[in-house]
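Chemist: Generate coordinates for the entire structure from the input sequences, incorporating the hints supplied.
Residues in the sequence shown are numbered consecutively from 0, following numbering that gives the first Met the number 0.
Derived from the structure by calculation, the hints contain no laboratory data. Keep in mind the model is a prediction, meaning the values are calculated, not measured. Cβ atoms here follow ideal geometry from the backbone N, Cα and C, with glycine treated the same way. Possibly wrong hints are sitting among the right ones.
[To be verified] Below 25 Å or equal to it, Euclidean Cα-Cα: the simulated DMTMM-like pairs (lysine to aspartate or glutamate) are:
#1 K78 <-> E47
#2 K133 <-> E57
#3 K78 <-> D68
#4 K133 <-> D114
[To be verified] Listed next, with one range per pair, are the computed distances between beta-carbon atoms:
#5 G117 <-> G140: 38 to 44 Å
#6 G119 <-> H21: 30 to 36 Å
#7 R91 <-> R62: 15 to 21 Å
#8 S101 <-> Q160: 16 to 22 Å
#9 D68 <-> G163: 19 to 25 Å
#10 F15 <-> E89: 24 to 30 Å
#11 G75 <-> R26: 14 to 20 Å
#12 E41 <-> T72: 30 to 36 Å
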Amino acid sequence: MSFTYDDVGATRENGFCPPGFHPLHVRTRIGEGEEVFRRASEAVMTWEMHRSMGVGIEASADRAAPEVDVTVTLAGLIKAPCRVVWTAEEYRRVGWAYGTLSGHPECGEEAFLVDRTGDGTVWLTVQAFSRAAKWYARAGGPATRGLQHAYARRCGNVLRQLCGSEGD
Numbered sequence: 000m001s002f003t004y005d006d007v008g009a010t011r012e013n014g015f016c017p018p019g020f021h022p023l024h025v026r027t028r029i030g031e032g033e034e035v036f037r038r039a040s041e042a043v044m045t046w047e048m049h050r051s052m053g054v055g056i057e058a059s060a061d062r063a064a065p066e067v068d069v070t071v072t073l074a075g076l077i078k079a080p081c082r083v084v085w086t087a088e089e090y091r092r093v094g095w096a097y098g099t100l101s102g103h104p105e106c107g108e109e110a111f112l113v114d115r116t117g118d119g120t121v122w123l124t125v126q127a128f129s130r131a132a133k134w135y136a137r138a139g140g141p142a143t144r145g146l147q148h149a150y151a152r153r154c155g156n157v158l159r160q161l162c163g164s165e166g167d
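Modeler: Put into structure tokens, the structure is as follows:
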């Protein structure tokens, strides 16, 4: 299966959104310190954050890595095939992005990044660009984008709970 959009890997560039797509950028404070950073990073890289949200995840590997195929199942009904396009495992930044494949209700890319700032604060950033690919996603219009923002906020809340942090 091939990607359903041209700008594969573009979420690596903070804030990039191709023409005709809707941007998403949600940043959530997870907590503070090295242990919170390590725990959050592992939960993101191993699909634990997504599974803890009640999202179905079928992945061709136990960890996010380029070329890993992932099918996300939402509400037990909607199957959304994706492929990991890049990962980052750096001293203060860990995460990955996947891009949509044929059959996904949306078209675009979404990144999940854990970073630790100089003062030790740990953040989750969910960044994406997308547009509707299926009729029901188009029919949802602004409500679909609202659901995407709610999903991104929920990612942060669930990750904060997994890390045993109170956050903000």
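Chemist: Look at each hint and say if it fits the structure.
Modeler: Against the structure, the hints come out as follows:
1. Restraint check for K78 and E47: the C-alpha separation of about 18 Å stays at or below 25 Å, so the hint holds.
2. At roughly 21 Å between alpha-carbon atoms, K133 and E57 fall within 25 Å of each other, so this suggested pair holds.
3. Restraint check for K78 and D68: satisfied, since their Cα atoms lie roughly 13 Å apart, inside the 25 Å limit.
4. A C-alpha spacing of about 33 Å is found between K133 and D114, which places the hinted pair above 25 Å, so the restraint is violated.
5. Look at G117 against G140: about 41 Å separates their beta carbons, and that is inside 38 to 44 Å.
6. Taking 30 to 36 Å as the suggested C-beta distance range, the pair G119 and H21 conforms, at roughly 33 Å.
7. Roughly 19 Å separates the CB atoms of R91 and R62, a value that falls within the hinted 15 to 21 Å.
8. For the pair S101 and Q160, the beta carbons lie near 34 Å from each other, so the given range of 16 to 22 Å is not met.
9. Between D68 and G163, the C-beta spacing of about 32 Å breaks the proposed range 19 to 25 Å.
10. Separated by about 19 Å at the C-beta atoms, F15 and E89 break the suggested range of 24 to 30 Å.
11. Distance hint for G75 and R26: a CB-CB separation of about 29 Å, inconsistent with the stated range 14 to 20 Å.
12. Against the hinted window of 30 to 36 Å, the Cβ-Cβ separation of E41 and T72 comes to about 23 Å, which falls outside the hint.
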